[in-house]
Amino acid sequence: MNGPHDLGGRMGFGPVVPEPEDVIFHGDWEARALGLTLACGALGHWTIDESRHARESLPPATYLSASYYEIWIRALEALLERHGEVSAAERASGKLEAPGLRPERCLRPERVRSVLAAGGPTDRRVPVPAAFAVGDRVRTRNLQPEGHTRLPGFAREKTGVVEAVRGGFVYPDTNAHGAGEMPCWLYTVAFRGPDLWGADTDPAL
Amino acid sequence: MNGPHDLGGRMGFGPVVPEPEDVIFHGDWEARALGLTLACGALGHWTIDESRHARESLPPATYLSASYYEIWIRALEALLERHGEVSAAERASGKLEAPGLRPERCLRPERVRSVLAAGGPTDRRVPVPAAFAVGDRVRTRNLQPEGHTRLPGFAREKTGVVEAVRGGFVYPDTNAHGAGEMPCWLYTVAFRGPDLWGADTDPAL
Amino acid sequence: MPHDHGPDNSFDDMTARVKALETLLVEKGLVDPAAIDAIIETYAHKVGPRNGAAVVARAWTETDFADWLRHDATAAIASMGFTGRQGEHMEAVFNGPDVHNLVVCTLCSCYPWTVLGLPPVWYKSPPYRSRAVRDPRGVLAEFGVGLPEGKPIRVWDSTAELRYLVVPERPAGTEGWDPARLADIVTRDSMIGTALVAAPGDAP
Amino acid sequence: MPHDHGPDNSFDDMTARVKALETLLVEKGLVDPAAIDAIIETYAHKVGPRNGAAVVARAWTETDFADWLRHDATAAIASMGFTGRQGEHMEAVFNGPDVHNLVVCTLCSCYPWTVLGLPPVWYKSPPYRSRAVRDPRGVLAEFGVGLPEGKPIRVWDSTAELRYLVVPERPAGTEGWDPARLADIVTRDSMIGTALVAAPGDAP
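Residue numbers (this note's numbering), protein chains in the order written: chain C, 1 to 205; chain D, 206 to 410; chain A, 411 to 614; chain S, 615 to 818.
It is possible that some hints are incorrect.
[To be verified] Within a straight-line C-alpha distance of at most 30 Å, the following computed DSBU-like cross-link-like pairs (lysine-lysine) qualify:
| hint | chain 1 | residue 1 | chain 2 | residue 2 |
| --- | --- | --- | --- | --- |
| 1 | C | Lys158 | S | Lys765 |
| 2 | S | Lys765 | S | Lys738 |
| 3 | A | Lys534 | A | Lys456 |
| 4 | S | Lys660 | S | Lys738 |
| 5 | A | Lys429 | A | Lys456 |
| 6 | A | Lys429 | D | Lys300 |
| 7 | A | Lys534 | A | Lys561 |
| 8 | S | Lys642 | C | Lys95 |
| 9 | C | Lys95 | S | Lys765 |
| 10 | C | Lys158 | D | Lys363 |
| 11 | A | Lys534 | D | Lys363 |
| 12 | C | Lys158 | S | Lys738 |
| 13 | D | Lys300 | A | Lys456 |
| 14 | S | Lys738 | S | Lys633 |
| 15 | A | Lys561 | D | Lys363 |
| 16 | S | Lys660 | S | Lys633 |
Everything labelled a hint here was simulated from the structure, so no lab data went into it.
Sequences and hints are given; from them, build the entire structure.
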């Protein structure tokens with residue numbers, strides 16, 4: 001979607017503010033937000049693609065004024081509501097109205113290490129050969145779906161060169177919407193700066 | 206600039222909320238904001254293009270969460286500060302630190318009618334002939350300046366057909382930055398919906 | 411429980427902010443409060459969509475005027491006394507059986523003040539500005555307007571100093587009406603393109 | 615005077631909001647607070663940029679490992695025990711005299727957790743995400759990094775499930791150092807590409 005998250009090349013956000021390496025959380029709530037988000041992911045109601053789409057679907061003014069953990073929490077609330085685990089009324093009142101749907105999938109502390117270490121690989125077999133090879137010039141399509149896509153706006157309808165053929169991977173555009181993994185060939189495509197940003201751009205980009 | 210104002214085709218803002226025709230202002234402050242903005246324009250410090258750029262240069266989260274009169278007032282504060290009329294310190298304290306620079310241009314009530322009725326035409330003579338004629342197919346450039354431009358992002362690097370040649374007009378891209386009016390030929394260019402938004406688009410657009 | 415904020419500044423914040431700025435400007439001799447009153451009076455009571463409705467009604471009843479409006483809207487509209495700020499350069503776009511016109515300003519809030527007055531909030535807000543160019547049918551549906559399937563739509567994005575007035579289709583059942591009576595049924599939204607003019611007797 | 619708001623919700627609002635959600639989830643039996651503690655412990659103390667620094671230091675000192683890292687970063691990094699969430703598919707990109715690499719995720723916050731831990735705030739924020747792809751030199755300047763004029767920059771946008779680790783250039787003056795000592799001078803930012811590794815004795 002052409003949402004607030006599609007930030008590449010946008011302007012007006014001011015300077016980057018570096019931060020020391022030892023700053024991990026800014027307050028305990030950020031740590032809890034991280035833990036809650038990962039623990040709820042273990043319930044298996046949604047994919048990582050669906051959770052990304054929930055974040056980018058926040059109202060743009062909210063998305064752009066919130067810190068990233070706030071974005072996570074707001075999206076988590078939306079996901080839990082969508083999948084019937086926590087209603088808006090329960091959030092408003094703080095009172096349970098229904099039991100959890102999947103308590104049997106509750107992540108236990110003794111499983112944390114193995115779950116985090118396993119991760120969730122997204123490489124898949126694709127039954128057709130790759131359409132492009134390294135060195136091919138390719139042009140991206142004008143994709144502007146209402147739903148999830150991982151094609152950034154700045155790289156739409158642009159010509160680049162295939163730099164690597166990565167194998168088959170889950171297709172986020174369908175997977176985010178419960179429409180299946182539809183594995184596709186994944187390519188790394190290199191674009192020149194002036195092709196993306198116009199003739200005035202740094203030619204070394 | 207690729208700012209928050211460039212909204213054509215963006216998503217996630219929710220439904221349009223119609224409003225009755227007789228609602229003009231939502232509170233007295235909106236009326237005063239309108240009057241102040243027009244009255245300050247009469248001081249002659251800035252052009253309409255510079256004022257538009259001041260609005261689109263607000264922080265994106267502010268721009269997208271503010272009502273339009275709030276955008277006007279925030280931009281007016283920035284313009285008055287830039288041109289030395291009202292400093293940030295004066296706004297913070299409410300206390301004058303310097304007199305106005307152009308009191309002789311203060312808009313008087315008896316001149317309001319004639320000033321508003323005259324407006325500010327922006328047609329200008331251009332010393333060269335028009336480069337395109339009605340019916341020509343043209344392609345827009347990949348313009349992504351940091352400054353002001355009136356080429357919306359969705360119409361960048363797109364092919365359309367010249368529908369009208371309007372004559373010479375002030376060029377906002379320079380005029381907004383005090384770099385002169387640089388009059389240019391103005392064209393109305395018609396684009397097809399699928400050319401702008403992709404193949405899935407309503408073909409009747 | 412935490413609460414969701416709406417616009418960043420509350421009504422009272424903005425009232426204080428605008429008042430503070432006006433006070434400074436008046437003390438500096440840069441702004442005359444009576445001029446602000448006069449500006450407000452102009453757009454609250456004198457310059458508004460009734461101007462545009464008069465133009466439309468005349469175009470519906472005088473073929474020569476309609477032709478003039480089509481070919482030189484700036485002059486035709488000025489001849490009725492409607493001139494000035496945000497109407498310096500006008501174009502009239504005519505709805506018909508083969509086309510529906512819709513006006514937007516995706517980049518800011520450009521609007522034909524001389525014939526329609528100040529723009530409504532929705533015209534200046536992200537939902538309309540973002541969707542009118544990409545999904546005009548969806549936007550029209552939110553205004554309760556359903557166009558025939560496949561009817562071409564032209565969206566005019568006011569990115570230059572040219573302002574657009576939509577001349578809606580004259581409804582059946584108004585034969586013989588005089589311009590004043592016709593003007594009464596021409597709504598602001600119909601001149602932006604987000605409404606049709608209802609035939610007499612239709613529900614509004 | 616009116617005030618400008620920062621982020622929409624204050625610190626206290628978010629504390630209350632997160633606590634309320636956790637309480638509901640615990641009561642529903644969907645979340646075990648001890649598991650949350652274990653997750654936090656993992657990323658606060660176990661999985662962080664020292665992992666990546668060890669990878670870089672080994673690549674600097676073992677040619678075979680550097681080759682492996684270049685050709686199959688996922689396997690080479692896994693061989694050091696760094697596997698898991700947000701590091702399932704890895705690519706190492708090597709800085710050199712002819713190229714500087716910079717990593718960003720313009721669309722969200724994709725980041726190689728297994729080797730760098732959790733991303734810093736700036737990596738997830740609009741200023742970095744918007745400008746890294748269009749104006750990397752300007753961004754680097756804000757980190758105090760000035761590259762030679764005309765030095766090519768490659769920006770890697772993490773839009774797929776492939777995570778990038780920048781292998782910075784080894785500074786002169788570190789000949790003979792063992793991997794542990796080398797790892798100490800490899801900063802997190804140098805593995806994102808927003809810093810160079812300073813030669814010993816240089817100001818940090």
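Review point. Which hint numbers doesn't this structure obey?
Key: 9 and 13
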